[in-house]
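Novice: Chains as they are written, first to last, in the working numbering: chain C, 1 to 265; chain P, 266 to 530.
Hint data in this document are derived by calculation from the structure and do not stem from the laboratory.
Ideal Cβ placement from N, Cα and C applies to all residues, glycine included.
A couple of the hints might just be wrong.
Said to hold, decoys possible - Here are some chain P residues pointing at chain C (derived, C-beta under 8 angstroms):
no., residue
1, Asn318
2, Gly321
3, Tyr439
4, Pro462
5, Asn469
Claimed, not checked - Have a look at the derived ranges for each label pair, beta carbon to beta carbon:
no., chain 1, residue 1, chain 2, residue 2, range
6, C, Arg65, P, Ser422, 40 to 46 angstroms
7, P, Thr375, C, Pro254, 46 to 52 angstroms
8, P, Ala292, C, Glu199, 53 to 59 angstroms
9, C, Ala11, P, Glu311, 37 to 43 angstroms
10, C, Asn180, P, Ser422, 35 to 41 angstroms
11, C, Arg131, P, Pro417, 30 to 36 angstroms
12, C, Ala144, P, Gly278, 38 to 44 angstroms
2 protein chains.
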Amino acid sequence: MMMKIEDKDHAVGLPRQWEMEWFLTPAECNPQGRMPLTLLINRLIEIATLHANAIGIGYADIVERHHTWVLSRVAVEMRRYPGVNDTYRISTWICSVNRLFSERDFCIMTADGEVLGWARTVWGMLDTDTRRAADISYMAWIEALAQPGRCPIEKASRPQSPGEYTTEHYRFTYCDLDFNRHVNSSRYIELLLNQWPLEFHDANRLTRFEIAYLHEAYSGEEVEVRLSTAGSETRAELTAGSTALCRARLCFSPREPEVQAGCSH
Amino acid sequence: MMMKIEDKDHAVGLPRQWEMEWFLTPAECNPQGRMPLTLLINRLIEIATLHANAIGIGYADIVERHHTWVLSRVAVEMRRYPGVNDTYRISTWICSVNRLFSERDFCIMTADGEVLGWARTVWGMLDTDTRRAADISYMAWIEALAQPGRCPIEKASRPQSPGEYTTEHYRFTYCDLDFNRHVNSSRYIELLLNQWPLEFHDANRLTRFEIAYLHEAYSGEEVEVRLSTAGSETRAELTAGSTALCRARLCFSPREPEVQAGCSH
């Protein structure tokens, strides 16, 4: 039985915001003693999943429709990343919903509530039978929980292909795969970050990162990493043959001071 | 002030065993829906660290001597790996201590206490000033907590170099590094497991794994993966130039039924 769009009673009493706290262990840190971007994005997915479960749009609620949530786009801007042995908090809320996508925003904070950065995500729904995008009109009632306009950073754009680019090749293999038997989306990000040496990461940090997930990748697949840099901004693309797997936009700034976020134009 | 070897009073009232419970999330699973070996070994290190802290031989207790624990050897035998959404438990205790090494054993269980497997580890102490092995006689009192003979699997041997071998090359890069600015020891294991395709891992599982960590590796370093297989047993080595980084021994068995552990001879 499909719920009607008007059926806003479903939202009554449900939490509009979800918040969690974590401790950043040494084992989780990158060589700069900070939270790696991959861990941050995993935490966003984790808290998004728990909020979705709490309001009744999680895996258990949609599995009988043979639907599953798919992360489509992410934008992150960080003034500072949590450091080793820091306690940090993330809160999340729905920003908007339409027939095909739901937008969800995040605030990343210190234990005291100081804002470290923000993230915006776009989620679609996959029909696991047809492997095509599913209509999510049946959950239009979550609009009653939405809090548009709270997140001050720009939405994730549709990243463009790099123009003139340099390339490197990589072949995905066993430990790149996850439970879905596809390449883990964190590996896409690692492959991008690996295009710069340690010394660059020591001198610079990522202030804004955007990624659009376009296609799944498989074990044994050889991919091309395409990069083009102009100023502080790099456009990147992973391709397998003629298929774009993801496109990304990375903005780096000199590491000190860790306050300026976004791309400098 | 050094404690005397006879000073066993330090052990009075301290926990001889430490036990923790975790939940295996889908995001943590390998393509077979099981706990990956790398996560298992990270969990062993985590619980070993917490037990060491609890009995007063942890990081906070040895840092003023400029000492740090170093994992030297690991042996794991698993009858079955925890599966997706399983709760699992690990308990750990000291097996022995001598002037240079401490042995620590582990039992991996289901939530109900059914034994899934065992692990044995050997730890040394590094002097962070001299970068050489440190004498740990000052903590000989922990022998009062030791429970030798509880773990039924063979100790980690000193793995041999492979004889005739096949090789593959890999260059360590930024995301292979951890907080110590050395290659994460989990990456050594991933590099070994990546030598077999998904189809092999679908058909076979690792019943016994041994690794000896011999040398740290750095960003940009090119390594050679050397393998030689005889029957169900593979000997492996990672080398950088003429330096052996680690040696390992891997025993695979057909995946069904998941009961037989160890190497079949």
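Novice: So, against the hints stated earlier in the document, which numbers end up violated here?
Specialist: The structure conflicts with hints 1, 2, 5, 6, 8, 11 and 12, although it agrees with all the remaining ones.
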